[in-house]
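A.B. asks: In case you want the letters, here they are:
2 protein chains.
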Amino acid sequence: MLEQIDLTKTMEKEAYREEIAQMELTLARMQRACKEQKIPVIIIFEGFDAAGKGLQINKLIHPLDPRGFHVYAMKKETKTEQMYPFLWRFWTKTPEKGRIAIFDTSWYRHVSVDFFEKKLSKEERNLAYQEINTFERTLTDDGAVLIKLFLHISKKDQKKRFEKLLESKETAWRVSREDLERNKNYDGYKSILENMLEQTETEYAPWTIVEATDKKYATAKIYATVIHQLEEALKKRTVQKEEKQTEKQEKKQKLFEASVLSNADLSCSYTKEEYKERLQKLQKKIAVLHSELYRRRIPVVLGFEGWDAGGKGGAIKRLTEFMDPRGYVVNPTAAPTEVEKNHHYLWRFWQNMPKAGHIAIFDRTWYGRVMVERIEGFCTKEEWQRAYREINDMEAHLANSGAIVMKFWMQIDKDEQERRFKERMENPEKQWKITDEDWRNREKWEQYEEAVNEMIIKTSTSYAPWTIVEGNCKYYARIKVLETVVNEIEKRLKKTD
Amino acid sequence: MLEQIDLTKTMEKEAYREEIAQMELTLARMQRACKEQKIPVIIIFEGFDAAGKGLQINKLIHPLDPRGFHVYAMKKETKTEQMYPFLWRFWTKTPEKGRIAIFDTSWYRHVSVDFFEKKLSKEERNLAYQEINTFERTLTDDGAVLIKLFLHISKKDQKKRFEKLLESKETAWRVSREDLERNKNYDGYKSILENMLEQTETEYAPWTIVEATDKKYATAKIYATVIHQLEEALKKRTVQKEEKQTEKQEKKQKLFEASVLSNADLSCSYTKEEYKERLQKLQKKIAVLHSELYRRRIPVVLGFEGWDAGGKGGAIKRLTEFMDPRGYVVNPTAAPTEVEKNHHYLWRFWQNMPKAGHIAIFDRTWYGRVMVERIEGFCTKEEWQRAYREINDMEAHLANSGAIVMKFWMQIDKDEQERRFKERMENPEKQWKITDEDWRNREKWEQYEEAVNEMIIKTSTSYAPWTIVEGNCKYYARIKVLETVVNEIEKRLKKTD
Chain A
89 MLEQIDLTKT MEKEAYREEI AQMELTLARM QRACKEQKIP VIIIFEGFDA AGKGLQINKL
149 IHPLDPRGFH VYAMKKETKT EQMYPFLWRF WTKTPEKGRI AIFDTSWYRH VSVDFFEKKL
209 SKEERNLAYQ EINTFERTLT DDGAVLIKLF LHISKKDQKK RFEKLLESKE TAWRVSREDL
269 ERNKNYDGYK SILENMLEQT ETEYAPWTIV EATDKKYATA KIYATVIHQL EEALKKRTVQ
329 KEEKQTEKQE KKQKLFEASV LSNADLSCSY TKEEYKERLQ KLQKKIAVLH SELYRRRIPV
389 VLGFEGWDAG GKGGAIKRLT EFMDPRGYVV NPTAAPTEVE KNHHYLWRFW QNMPKAGHIA
449 IFDRTWYGRV MVERIEGFCT KEEWQRAYRE INDMEAHLAN SGAIVMKFWM QIDKDEQERR
509 FKERMENPEK QWKITDEDWR NREKWEQYEE AVNEMIIKTS TSYAPWTIVE GNCKYYARIK
569 VLETVVNEIE KRLKKTD
Chain B
89 MLEQIDLTKT MEKEAYREEI AQMELTLARM QRACKEQKIP VIIIFEGFDA AGKGLQINKL
149 IHPLDPRGFH VYAMKKETKT EQMYPFLWRF WTKTPEKGRI AIFDTSWYRH VSVDFFEKKL
209 SKEERNLAYQ EINTFERTLT DDGAVLIKLF LHISKKDQKK RFEKLLESKE TAWRVSREDL
269 ERNKNYDGYK SILENMLEQT ETEYAPWTIV EATDKKYATA KIYATVIHQL EEALKKRTVQ
329 KEEKQTEKQE KKQKLFEASV LSNADLSCSY TKEEYKERLQ KLQKKIAVLH SELYRRRIPV
389 VLGFEGWDAG GKGGAIKRLT EFMDPRGYVV NPTAAPTEVE KNHHYLWRFW QNMPKAGHIA
449 IFDRTWYGRV MVERIEGFCT KEEWQRAYRE INDMEAHLAN SGAIVMKFWM QIDKDEQERR
509 FKERMENPEK QWKITDEDWR NREKWEQYEE AVNEMIIKTS TSYAPWTIVE GNCKYYARIK
569 VLETVVNEIE KRLKKTD
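Sequences listed follow chains A and B, in order.
Take 89 as the starting number for the first sequence in the working numbering and just add one per residue.
Take 89 as the starting number for the second sequence in the working numbering and just add one per residue.
In isolation and in its complexed conformation, chain A is listed as follows (with noise of 0.2 Å):
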């Protein structure tokens, strides 16, 4: 879930002003509309070290009443603390119907810092997962709002933070040794954190990752984000009567949604005689792979969507033109039929999973869920919502009985989609590929943007990647498509060898 941030962003200082003055107002109504409605509420913040937590929290309280809520500060476990389940000292913590408990690092300390200092093994670690998602559930399910921030900053900017910390004496003393430890394996402990947000997604207490490299632009998107989740607690408990204000604060969330699509480089191009010369290679190697996979009985699972005309098709025929046709198969996914519409959605991409040794292509997919039938509305808020964790857990499932799991998105822009749509209207050979439907999707181009940018935040995980592949030239994304495939095999291969 962190693959895909993006942490350059930030915030004007004007538009910082302007948006938190508007929010304050909000914050503290909400805090008296779930005083009112006997809501409790749990905000933890977690993430890495030296990306501001303390300081969020200061933002983050400051328009509160103080008579309702509690700041926790969770260290180290006292000796006391240690002579309990871990799960012990929030329990008796958890805050009073309407009122508001903010954890300045919170249970996941064990699943985090403490399996990095070994303190607990795998396994332990993976029981602690179940234990906390269980305490997650059985507080929401009794009507606990949770929300879950998790600030996300670089190694190089947490390595320049510590540093100014230590230049002066009154600050110094805040850098640990385990700090430092923790900037040294930056990439060790971002695994375990990675895992951690993927086994502890769920969908009454969803993580949100905040860029927080600038400290307005984060200030802003947690804002944003409690009132978000508050607004959504309330609304299910009152009849919403400021319908206005929600649509006005539906538009400023928004803003902070992460934007995964627009951050591709569609200028990202090779000219015929590059890509001529890659390809040849790529196939050739993918060929050998493809045997290699065969021997080794490592099944292969490739998923691929993208905006139409982005190039699914022809990356596809490059992907497999010199595989043996015994050993892969391309589905395509159209609407669902009658029988199909009959089952469970996801039961028409089981009959097609591939067997050990095999690789199954797939020309859209089960994201169809999150995408076609969010939009189109074929299944109700709940369903798709829902769909993202059910969707993770099968390709999980996939993932831990060997398989490679891959799903890669054809990122083109709007104007080349355009260009690409007209071309096929005026060659007669390429008419079919173009319909009225389509024209019709392209004028949904924004809500699919939102859709997409969801989808690929809440569902690219460590062991069923997403790759943005940058489509504006086609040689470019097939030769990015064959590439990707065949580092991930080679990585896999060597690790199984």
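No wet-lab data here; the hints were simulated from the structure.
Every value quoted in this text rests on a predicted model; they were computed, and no experiment measured them.
Wrong hints could be hidden among the right ones.
Since the list gives no way to pick out one identical chain from another, each pair is judged satisfied if it fits inside one copy or across any two copies.
Derived pair list, reagent style SDA-like, types lysine to any residue, alpha-carbon separation capped at 20 Å [said to hold, decoys possible]:
#1 181 / 115
#2 164 / 489
#3 167 / 443
#4 181 / 275
Please arrange chain B on chain A, whose structure you already have, making use of the hints.
C.D. replies: For chain B alone, kept in the frame of chain A given last:
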């Protein structure tokens, strides 16, 4: 969940005929209704070998329209099936909406038979539990009804059945070497199954244990269970029109409810001399064990529940009399205060959980949620149904952290209670012990009985077992409590030697 099951249950031929004839009609009607409502139904048969799964499936499908169901006999995985994730062969067989899929052994094979044969490690098994729970949740979230039946027979009975099958050539082939192996290691295999039942008991897909010693009883219970669960599902979909039918059916369902309490032999007793002698020995022992627990930092949680005047207080007094008062606390549980009501119902008990090395004794416990709160309507049906899982999760968390967790139910009969109530009223020293509420509760004896039976079955786990204490003779009851505590502590100390 198997410990408290009574395998001696039988059903008279006459009663059987009558019950079955009625239920066959109901089942056929239910099948039609599910088809109409497009509810997919999955029924799985698990349990000990030779418990009669095949026979029972035959009985179950007898009244059904054969066009609407499919029986899958799932044996060992084929070579091809082994090349997929283990859930693949089940995913692909999930039924269409409105159809019934019946599995003769299911995905649980992987975590029972395969695990017994050491085909997977403990860690892999635990991962499989998670995958199974996820799979079942994914299906039921989508509206599927999942009925999980576990057919239970004793080791002796199983052996007898195998012997009978082996007698004749025509049936001998049905007994495999593996079957006999599992019979030989019945207890080891049983504890694997016990763990499986505990880890996969969820509110969305609960287990039903079928006492399968008597085939007629088992058939009738399976019929009643399937009818009951289908009816519940249909109720959710449609406004139930045939209220009367349901009530009648609910009464029928009650016939088959596991009845733990009625099995208690209340004639057990000790003379005063026997009592004194045993008491002295045990109290000496517990004093020694108590300091050993302290030395080894093992926490102990003891919960006491039981009928009013059941003898909780007396038992607790004898238990603690010779313990070091710095090492234990008795927590009486009254009706929750305003502050406590404003927290999660488990919160107030977390406040009093013991530190490592200490003993916490609860006089009345968190089980109030599924007894008084259920019966008096202080919480919703959904809430108390969810509570079994929440309580098991909490006790598992305590046990995982090293605690000994035990629960006692003080059982007396209604006459004995009346005798004690009257005695209390007549004795000025004891009058404070009896209130009008006690008499009011007594009127709800049958409701409590039902709730307690369900509670004990669903929350008696290997890590936190219930002990039913036969309490008509106070001497006997006190000794049994002390003995059970002593045994459990000694068992643990041996393990951690």
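A.B. asks: The structure should be examined with respect to each hint, and the outcome stated for every one.
C.D. replies: We went through each hint and held it up to the structure:
1. 181 / 115: Cα proximity of residue 181 and residue 115: none, with 23 Å in one copy and 50 Å across.
2. 164 / 489: The answer is between: 17 Å across copies meets 20 Å, while 37 Å in one copy does not.
3. 167 / 443: between (52 Å within a copy, 11 Å between copies)
4. 181 / 275: neither (33 Å within a copy, 42 Å between copies)
Comparing the model with each earlier hint shows violations of hints 1 and 4; every other hint is respected.
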